[in-house]
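Residues per chain are reported as follows:
Number of protein chains: 2
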Amino acid sequence: MSVLVVGSVAFDTLTTPFGTRKKILGGSATYFSLSARFFSPVKLVAVVGNDFPKKYIKLFEDKGIDLKGLDVADGKTFHWEGEYDWDFNAKTISTSLNVFANFNPKIPVEYKNSEYVFLANIDPDLQNKVLSQVKSPKLVACDTMNHWIASKPEALKKFLKKIDIFFLNDAEARQFSGEKNLVKAAKTIMKFGPKRIIIKKGEHGSLLFSKDSVFSLPAFLLEDVFDPTGAGDTFAGAVMGYLAKCGKISEKNLRNALIYGNIMATFTVEEFGPWRLSRVTKPEIEKRVKEFKRLTYF
Amino acid sequence: MSVLVVGSVAFDTLTTPFGTRKKILGGSATYFSLSARFFSPVKLVAVVGNDFPKKYIKLFEDKGIDLKGLDVADGKTFHWEGEYDWDFNAKTISTSLNVFANFNPKIPVEYKNSEYVFLANIDPDLQNKVLSQVKSPKLVACDTMNHWIASKPEALKKFLKKIDIFFLNDAEARQFSGEKNLVKAAKTIMKFGPKRIIIKKGEHGSLLFSKDSVFSLPAFLLEDVFDPTGAGDTFAGAVMGYLAKCGKISEKNLRNALIYGNIMATFTVEEFGPWRLSRVTKPEIEKRVKEFKRLTYF
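Chains as they are written, first to last, in our numbering: chain C, 255 to 552; chain A, 255 to 552.
In short, the hints are calculated from the structure, not lab data.
All of these numbers come straight from a predicted model, not from anything done at the bench.
Careful: at least some of the hints might be erroneous.
Because identical chains cannot be distinguished in the list, a pair is counted as satisfied if it fits within a single copy or across any two copies.
Unchecked claim - Distance condition first, Cα-Cα at most 30 Å in a straight line; then the derived BS3-like pairs of lysine-lysine:
#, residue 1, residue 2
1, K309, K465
2, K322, K309
3, K277, K449
4, K547, K445
5, K438, K455
6, K502, K309
7, K438, K276
8, K455, K541
9, K415, K434
10, K541, K438
11, K276, K441
12, K506, K366
13, K312, K406
14, K547, K455
Make a model of the complete structure from these sequences and hints.
Next up, the structure:
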């Protein structure tokens, strides 16, 4: 099965304690698709400006990502500038939406039968509108961010009723639920309607909440983290790609999907931008999965 | 095998976001022994004042803890007053050492052949002095705190050369090593001499570093945490008690020991003071271990 992702393809200007990179390839759909493609074919829906470099288009094409849904619009590409402290908390310096301000995704006719759909972090009303163009998806997942939780909580809650897996991070879970404790936060958010919630805790791993079970996964241990940008979308890409490959949403498949999500994100954070992720090989992935099993078995 | 613990038996006055408790039973050796006794007999070495309530002595006796090493000195019992914020970071309000100021532990002759020894958080010179009274211990473990890392780093490093398992928390590991990253921190601290390090990460679980391997364990998920006091000593008590019960220090036994440490600490934090821990039953412990396995298997 293939995975349809709707999100951003953008320029990122990033500063971490280890340096600065200007106007490099970024965006949620970028990280998602470069990760998911290891497991399943990926169809990408996004918009870029006519300043978007051909070499980046070629990168996606070389990785086998279907770009029929990539709209090249008149104007400039979305540009996010952010800074991270030593705890890798992100601070937005500037957001230039550019062509992304008018993003109103049309799902290509060839994509309308997609079964695995991921709506990356965009306006929940837009997420809803995009989803309505897909005929009968088998698994729908989405991400969000603090901005939409604060500004459109009701639209988000309405949309979540259609969601099978809701990805969010620990800070967002606390913000959305008003609960400090993550178990309580997850219980509150489950009542909004999503079938499952995955709470991403960065260097502390991740949690999967289903109706009848909870799964806690520690993070892989890394000595060097240079840039956390895109880790969450890389994680979601692997989870969705893996599930689409399995074709069945069982607890076992979900738990294994989280392990791959975990591992794929470790490659992303080892370098600035999506370059390490774009170079990684299947044997490198499997080697790290094995190391992870040694790290956690008992 | 029995476990010898040398540490504090004290009064705690505690304030958490959930309330205040005045002058309740506390101290590192208290939590350690009430936890370790589920797995192995415990011999306790500590000092209290003559104001120490008989009912607390009786509590230890009722739980089968050997008190030949508990000195009742003229004066007042050690009294710690602390406060926790919503993140459960401890702030010391006051420390009245009282009889603990002159604590110079004499190991009773019956304890000198102890094979499993835990030196709780006291002056590293004192830890060293106590250890020299034990004939040929099989496994020696210790804890420490930010105060000794800052004030006596060289004495601590010297002592660590004799240590099989060094317990410390994530903040202490960063402080002691000067490394923000915990893998790098552990590597640096391993060079000081301990054979193994266990880094306690509170609600984020724990890490075991050995010469050739690393083990990462997520925490059990709790909805209600009322008071983190004693969680680390409860954890260490279960780890040491379990290892003494096994009688063999293998990677498998160590990993299982950490699971029991993890689980025992969950009981401690569910109520103020050591009361929940003192009431817990073996079936409750095994039930929670099973739940933990369901939470983490893949």
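Here is how each hint holds up against the structure:
no.	hint	result
1	K309 x K465	neither (44 Å within a copy, 45 Å between copies)
2	K322 x K309	within (17 Å within a copy, 76 Å between copies)
3	K277 x K449	neither (37 Å within a copy, 47 Å between copies)
4	K547 x K445	between (33 Å within a copy, 26 Å between copies)
5	K438 x K455	both (15 Å within a copy, 20 Å between copies)
6	K502 x K309	neither (36 Å within a copy, 59 Å between copies)
7	K438 x K276	between (40 Å within a copy, 29 Å between copies)
8	K455 x K541	both (23 Å within a copy, 27 Å between copies)
9	K415 x K434	within (23 Å within a copy, 41 Å between copies)
10	K541 x K438	between (36 Å within a copy, 21 Å between copies)
11	K276 x K441	neither (40 Å within a copy, 34 Å between copies)
12	K506 x K366	within (29 Å within a copy, 51 Å between copies)
13	K312 x K406	neither (36 Å within a copy, 59 Å between copies)
14	K547 x K455	both (19 Å within a copy, 20 Å between copies)
Of the hints listed earlier, those the structure fails to meet are numbers 1, 3, 6, 11, 13, in rising order.
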